[in-house]
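Colleague: Just so you know, the sequences run in chain order A and B. Here the first sequence is numbered in this note's numbering, starting from 1 and rising by one per residue. Here the second sequence is numbered in this note's numbering, starting from 1001 and rising by one per residue.
Simulated from the structure, these hints should not be mistaken for lab results. Note that beta-carbon positions come from the ideal geometry of N, C-alpha and C, so glycine has one too. Check before you lean on any hint, since a few could be wrong.
Some residues of chain A that are not near chain B, with every Cβ distance over 12 Å (derived) [claimed, not checked]: (1) 1; (2) 28; (3) 69; (4) 75; (5) 92; (6) 110; (7) 250.
What the simulated footprint calls covered on chain B by chain A, stretch by stretch (three residues with Cβ under 8 Å from a Cβ of chain A suffice, anywhere in the stretch; the number is not a length) [said to hold, decoys possible]: (8) 1177-1190; (9) 1231-1245; (10) 1269-1279.
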Amino acid sequence: MKIEIQDLHFTYPTGIQAVRGVSLTIHPGEQVAIIGQNGAGKTTLVKHLNGLLKPSSGSVQIGDWDTRNHSVARLAGRVGYVFQNPDEQLFSKNVGAEVAFGPRNLGMKAEQVQSQIEDALTMTELSDKTETNPYDLSPTWRKMVALASVIAMNTDIVVFDEPTTGQDAANIARIANAIKLLRERGKTVITITHDIDFCAENFERVIAMSQGQILLDGKANDVLGQEEILTTTYVDPPQLTRLGKRLGFKNTVSNQEEFLAELKKVIER
Amino acid sequence: MAIVNLKNVTYKYPLTDMPALKGINLRVNKGEFVALIGPNGAGKSTLCYTIAGFVPHFFKGEIAGSVEVAGMMSSESNLHEWVLNVGLAFQNPFNQISGAKYTVFEELAFGLENIGVPRGEMIQRVNDAMELTGISDLADRSPYSLSGGQQQRVALTSILVMQPKVLVLDEPTSQMDPIGTREVFGVIRTMAERGMTVIMAEHKVEWIANFASRVVALHDGEILLDGRPTEVLTSDLLTGKGFPISRYTSVARKAKETGLWEQERLPIKLDEAVGGFKR
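If we strip away everything but chain B, and leave its shape as in the complex, we get (with noise of 0.2 Å):
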C-alpha cells in the first residue's frame, strides 16, 4: 500500500508558461528513503512542495492529477490537515525558522502548541527530537545565533518533533560538514527504518548511494529514472546532462573504454570500486 501516490501529476507556477512538474508517476511506500537527484530546475524543489501540499494550497498556480498522501486527496484537504502527516524541512532553514521565539527550545515546542500537545509529552518530544540530531546543547540558544549547519538541524528536529508520517527533505545538509552530513543521514536512515517515509532532494551522491533505498532521476519536470541507487546512479542516461555522478562511477566508466573497469556494472560506493578495476 503506497503512501504517497501521485498519478500524472503537472503543476504550473502562478504567471509562467512553462510547467516545472510534467505527468509525473510517484508510488512511494511506508518506509521508504527515496532521493530526488536532478540538475537545478529539475524539478525536484516543486515535487517536494507538491507531497507537502505547499504546491498548490501555499503557492497557487494551476495543478493537474492526483496527489494522495497517507489516505488524503491534496484536493480535497487544506494545508493544517495536511502538515499533520507531512513535514517538510526547506531548503534554506532560514524560511523554517518562525522568527516568534527567542529560543531553539521554544522554535522546536512551537509546532507542537499550535496542535495543543499536552506541556508534559511536549517537553519529552523535543527533548527527544534534539537528542536525536545531536542539537540539546543549542536548546537555550537564538536561532538566529546558529551557523547555517545548525540552522538547518533546528529545521529538521522542528519536523522531526511532530513525527510526520512523510518526511520531505530539500537539501537538508546543504550548509554541512561532512561530519554533519554523514549524522544528519544517519538520523534520517534510522527514521526510516523505524518506519517514517523520507522523500530528500539532494546533491550528495556518494551519501545517497550509502543510505537511500531508492532513487527518483529528474530532468525537466519529468521523472527520467526511478529504481536501486545502484540502478540510477549508474545510468549512461545521467550524463552530460548536470546530474551528480559519483567519482567511482566517472572513474569506472572511463577506465570501461579501455577494459580497465572489468565489471558489467559500474560501482557507486568504494567497496564496490575496490573490486572491479583490472589488477
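Okay, chain A solo, but in the shape it has when bound (with noise of 0.2 Å):
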C-alpha cells in the first residue's frame, strides 16, 4: 500500500509549527528509517499515518484513502503504530489478550485472529508468556509485547516510534529480526530512530528530519555519509561509517560486512 504525502504542513495548538512543507511517496514493502534530533517533526509526521494527527494544509493519502476522511479507528486497519513508551498502550490483564485485542477489533474472523496472535507471539518471542500480565514482565519484554499487539493486526504498514530506546543488546536484536521478517512479508516499516547504528544496519532508506523538512532523502549509506549536512542536525554517522571515512575508504560504508569488505579492497590495492 502506497503513502503519498503532498505539501505537508502542521502546527499544532501552541503555535509551534513542527512540519513545514513535507513531500514523500512511500512504496509498498519499502523499509524506511526516519531521523533528526528531538523536535525535528519527526514523530508530528508520522502520526498523520494512521490519523492521529490531520494536516494544517496539504495531504496525507494512505492507499485510496485521504487520512482526513477516515477516522482513526478504520486507518488502524492499514497502518500500526507501536509507542515509543510500552506503557502508553498496554492495558490488558494478560499478554494473550493483549495481543488479541487488536485483531479482533478490526472485525476479522476467529481462526484468522488466532493465526495472526499466534504469528505475532512467534516474530517477537513471547509464545511461551501469553498468561503473564504485561506488568510482570521487564520494560524490555513490555517493549516485545507492544510490538506483538501491533504486528498481530497485520496491517501492510507498521510504524515505530524509538524502537531500541532504553533496550538491552539482546532485545534490540529481536527487534532488528521482527523488522527484517515483517520486510520478507512485504510490509512497509517505518521506524523514527536516534541509534543511527541500528538505523544503518536494518534500513534501506534514510530519511533525516530537521526543523519541521526534510532535509535527506535516500539510500541509507548516500544519506548516512553525508557528515557535513548530518552535523547540521546534530547526528553524527553511523561508527562504521566514521570509521571507513578515517581510513579513506572511497565507498561509504555502515555496517560490518561492507566495512571488512571495503578494508579489502584497500589492501588489495
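Since each chain comes alone in its own frame, lean on the hints to assemble the complex.
Modeller: Structure (C-alpha cells):
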C-alpha cells in the first residue's frame, strides 16, 4: 500500500509549526528510517500516517484513502503504530489478551485472529508468556508485547517510534529480527530512531529531518555518508561510517560486512 | 579511602526466590565515574537502588552483607539520612517527578525546601543547577508538559541541586537524542572532576568508552568484570551474553580472525580503531 504525502504542514494549537512542507512517497514494502534531533518533527510526521493528527494543510494518502476522510479506527486497519513507551498502549490483564485486542477489534474471523496472534507472538518470542500480566514483565519484554499487539493486526504499514530506546543488546537484536520478518512479508516499515547504528544495519532508505522539513532522503549509505549535512541536525554518522571515512575508504560503509569488504579492497590495492 | 564499599552483598526482593544480587564486592573511590553494564535483568538497577539506600529501606526484601557509603552503614541508617549523601536518578523520569509542583523551578526546589535550605541559597542553587544541565528555559514549564528527554534532564537536575557526595544514575539518557546524550555525559563528567562520585547504569558503550573511568560488568546478579573501560569492554567474556559491545570492538574482533586487525588489544573508540587495521 503506497503512502503519498503532499506539501504537508502541521501547526500545533500552541502555535508550534512542527512540520513545514513535507512531500514524500513511500512505496509498498519499503523499509524507511527517519532520523533527526528531538523537535525535528519526526513524531508529528508519522502521527499523520494513522490519522492521530490531520494536516493543517497539504494531504496524506494511505493507499486510496485521504486520512482527512477516515477515522483513526479505520486507518488502524492499514497502519499499525508502536508507541515509544509501551506503557502508553498496554492495558490488558495478560499478554494473550493484549495481543488479541487489535485484530478482534478490526472485526476479523476467529480463526484468522488466532493465527495472526500466534504468528505475532512467535515473531516477538513471546509464545511462552501469553498468560503473564504485561506489567509483571521487564520493560524490555513489555516493549515486545507492544510490538506483538501491533504486528498481530497484520496491517500493510507498520510504524515504530524509537523502538530501541532503553533496550539491551539482546532485545535490540530481537526487534531487528521482527523488522526483518516484516520486510520478508512485504510490509512497509517506517521507524523513527536516534540509534544511528541500528538504522544503518536495518534500513535501506533513510530520511533525515530538521526543523519540520526533509533535509536528506535516499539510500541509507548515500544519506548516512553526508557527514557535514547531518552535523547541522546534530546527527553523527554510524560508527563504522565514520571509521571508514577516517581510513580513507572510497565508498561509504555502514555495517560490518560492508566495512570488512572495503577494507580488503584497500589492502589488495 | 573508598566512599562506596559493598562487602559480599546478596539481596532478594520480597516474594521472589532468586537473589537479584549475589555476593557483590565493590569499592569505589571519591571522584570515580563508574559505568555499570549488563543485559536487562543482570542487576544494574538493583545495585543502583542498593547504593542509593532504596534497597532495602524502600523495597524491603532480604539483604546480607554490608553497604557503606560516605562513612555510613546502610543497616544502621534510614533513607532520610541516606539521601543527604546519595542522589538517585531513576530510569523512568516519571517516577522522579513529585507531582506536587506546578513548575520545573518549584520541582527543583522541592528537595531543598524539605531540608530547610534558606530561600536565597535555594534560588541560587536551583538556578546554577539548571544552567549546568541546560534547562534554564524550562523553569516555568509544568514538569508534565515536557518530552521524555527533557524530563530526564529535570530528574538529573533535581539530584544535582542537592549536591550529593555520590550520584547514582539509572540509564539517565535513555530517552535523549545524541546531542542531549553528549551534553548530559559532559555534565556528569564535570561533576566527577569536581569530586562527586558517579555510578551510572548505561547501555550506550560508545559514550561509556569516552567518559567513564571504570566499567563494572554485571551478569545474573554477579560482577563478571571490573576494570578500566578498555579492558572490560573488549573482553571476550562479554560476547554472546547480551552485553552492549561497541561497533569498533566487534568489527576489529572479526577482522582479527583473518589478520586484518593487527593489535593485541581491541579498540573501544574511533581513534583507537583508526590505528589498528592492516593497510
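Colleague: Next step is simple, just say for each hint if it's right about the structure.
Modeller: Outcome of the hint check:
No Cβ of chain B approaches the Cβ of residue 1 of chain A within 12 Å, the least distance being about 30 Å, so the stated non-interface status holds. Every CB of chain B lies more than 12 Å from the CB of residue 28 of chain A, the least distance being 30 Å, so the non-interface label holds. Separation of residue 69 of chain A from chain B is adequate, the least Cβ-Cβ distance of about 31 Å exceeding the 12 Å criterion. Here residue 75 of chain A stays apart from chain B, with its beta-carbon at least about 25 Å from theirs, past the 12 Å limit.
Residue placement check: residue 92 of chain A keeps its beta carbon more than 12 Å from all beta carbons of chain B (closest about 21 Å). Even its closest Cβ contact with chain B, about 35 Å, leaves residue 110 of chain A beyond 12 Å, as expected for a residue assigned away from the interface. No Cβ of chain B comes within 12 Å of the Cβ of residue 250 of chain A; the nearest lies about 14 Å off, and the non-interface call holds. Counting residues of the region 1177-1190 of chain B whose C-beta lies closer than 8 Å to any C-beta of chain A gives 4; at least three are required, and the coverage claim holds.
Only when three residues or more bring their CB closer than 8 Å to a CB of chain A does the claim for the region 1231-1245 of chain B stand; here the count is 4, and the claim holds. Chain A is given as covering the region 1269-1279 of chain B, and this holds because 6 residues of the stretch bring a CB closer than 8 Å to a CB of that chain, at least three being needed.
Hint violations for this structure: none, all hints satisfied.
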